[in-house]
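Asker: So the chains spell out like this:
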Amino acid sequence: MSWELTADRPIYLQLIDHIKMNIISGEFAPGSKILSVRELASRACVNPNTMQRALSELEKLGLLYTQRTNGRFITENLDVIENARESFAKNHTKKFSDRMSQLGLSKAQIINLVEEFSEEDLQ
Amino acid sequence: MSNILEFKNLKKQYGKFNALNDITISLPAGKIIGLLGPNGSGKTTLIKLVSGLLIPTAGEILIDGLNPGTDSKKVISYLPEKNYLNDYMKVSQLIDFFVDFYSDFDKTAALDMLSRLDIDPERKLKTLSKGTKEKVQLIMVMSRKAKLYLLDEPIGGVDPAARDYILDTIISNYNNEATILISTHLIADIESVLDEFIFLKNGEVIMQSSVDDVREQQGKSVDALFREAFKC
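Residue numbers (our numbering), protein chains in the order written: chain W, 1 to 123; chain B, 1 to 232.
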């Protein structure tokens, strides 16, 4: 199964988001080892060099780290993950509210809508 | 980074027809590169020139610093657009045939890929479907440890599932020192696998760039760009 990639954004950015999401959601647990570049590339059906680039960026962000001979691991620093969660959530909220404003919804209407949905989900 | 392929003022004419016109480009080693263009744009001609099956009308080709010839063929693994395998052979015989021909052929890798695809090596080629034959052919080509792989339309004739398998075979068998040149007009299917691409149009290179650069700068896929550039 390849990962879902869209046509309008650079592939490496989409890979970064995908892996970030896995880390934030806990699917990739803190401190756990991740697959090799080649295996990840094969799963995502992307070029290994592109995957390498995405992983390097994630290292720069502190979400991954490399142990010289052992491979790559998810950070154990929960603050870094928490920060990533926050900025991810903010980004998506911004996109969402921009979209809703385009549709002509007021701030109050947007909030109402969100509340309705989260109540539905809770039930 | 060194260049695996260099073309200098390369030209190929068939009679009076210009198939390739004054091509000067360099391709870096260690990348997967798409050779993209509509039918008749010169993709196969370019690949045949590199493989040494055609002789340039003018200009020069350097493969890892060598002119096309016996030595350059040792570092090139070539998948032609056509099926060239002998139908009477069993797959296992074909493997031995390749072992005899190419010192860099990895028999274990070939058998491994065949078993992953559930292809019985004891079957004769003529009993295989067209798509399965194409897969066998690709396995043969990718089982060599070459510096340069030339794949002419590797995903043209197979179903989407087989297409994914073929792309996966390419990704998982590729090592960072090797370069893979893939010609195709099915861009959307292979775009995410490519580092770079070359657009050919009427025998000329009209663009050479990286996939993510195009997406970053233009906010659209190479496939979309291609459709614009070659709109009828």
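Keep in mind that the hints are not guaranteed to be accurate.
Okay, the calculated bits of chain W under chain B, using three or more residues with CB under 8 Å as the criterion [stated by the list, open to error]:
1) 82 to 94
2) 108 to 117
Within a straight-line C-alpha distance of at most 27 Å, the following computed DSSO-like cross-link-like pairs (lysine-lysine) qualify [as the list claims (entries may be wrong)]:
3) B:K126 x B:K8
4) B:K220 x W:K94
5) B:K31 x B:K90
6) B:K107 x B:K147
7) W:K60 x B:K201
8) B:K220 x W:K95
9) W:K107 x W:K60
10) W:K90 x B:K48
11) W:K33 x W:K60
12) B:K48 x B:K220
13) B:K201 x B:K74
14) B:K201 x B:K145
Every beta carbon over 10 Å from chain B, so not counted as near; a handful from chain W, in silico [said to hold, decoys possible]:
15) S32
16) T50
17) S56
18) E59
19) K60
20) L61
21) N77
22) L78
23) D79
24) D98
25) S101
26) L103
Everything labelled a hint here was simulated from the structure, so no lab data went into it. Think of the CB as a built atom: it goes at the ideal place given N, C-alpha and C, for glycine as much as any other residue.
Asker: For K60 of chain W and K201 of chain B, compute the direct alpha-carbon distance and say whether it is at most 27 Å.
Answerer: Cα-Cα ~40 Å, so violated.
Asker: In terms of beta carbon proximity below 8 Å, does the segment 82 to 94 of chain W have 3 or more residues touching chain B?
Answerer: violated (count 0)
Asker: Does K60 of chain W really sit off the interface, with its C-beta more than 10 Å from all C-beta atoms of chain B?
Answerer: K60 of chain W clear of chain B: closest Cβ-Cβ about 17 Å, beyond 10 Å.
Asker: Given the hinted pair K220 of chain B and K94 of chain W, is their Cα-Cα distance within 27 Å?
Answerer: holds, 22 Å
Asker: Is the Cβ of E59 of chain W farther than 10 Å from every Cβ of chain B?
Answerer: Nearest chain B Cβ is 18 Å from E59 of chain W, so the label holds.
Asker: Do three or more residues of the segment 108 to 117 of chain W come closer than 8 Å to chain B, measuring C-beta to C-beta?
Answerer: violated (count 0)
Asker: So is L61 of chain W really clear of chain B, every C-beta pair being over 10 Å apart?
Answerer: Non-interface label stands for L61 of chain W: nearest chain B Cβ at 18 Å, farther than 10 Å.
Asker: Would S101 of chain W pass as off the interface with chain B, using Cβ distances and a cut of 10 Å?
Answerer: Non-interface label stands for S101 of chain W: nearest chain B Cβ at 21 Å, farther than 10 Å.
Asker: Run the distance test for K31 of chain B versus K90 of chain B: straight-line Cα separation, threshold 27 Å.
Answerer: Given pair K31 of chain B, K90 of chain B is violated - Cα atoms ~34 Å apart, limit 27 Å.
Asker: Does L78 of chain W clear chain B by more than 10 Å, comparing its Cβ with all Cβ atoms of that chain?
Answerer: Holds, because the least Cβ-Cβ distance between L78 of chain W and chain B comes to about 31 Å, which exceeds 10 Å.
Asker: Is it correct that the beta-carbon of D98 of chain W has no partner in chain B closer than or equal to 10 Å?
Answerer: holds, 17 Å
Asker: Confirm or reject the statement that N77 of chain W sits farther than 10 Å, beta carbon to beta carbon, from all of chain B.
Answerer: holds, 29 Å
When the structure is compared with the earlier hints, violations turn up for hints 1, 2, 3, 5, 7, 9, 10, 12, 13, 14, 16 and for no others.
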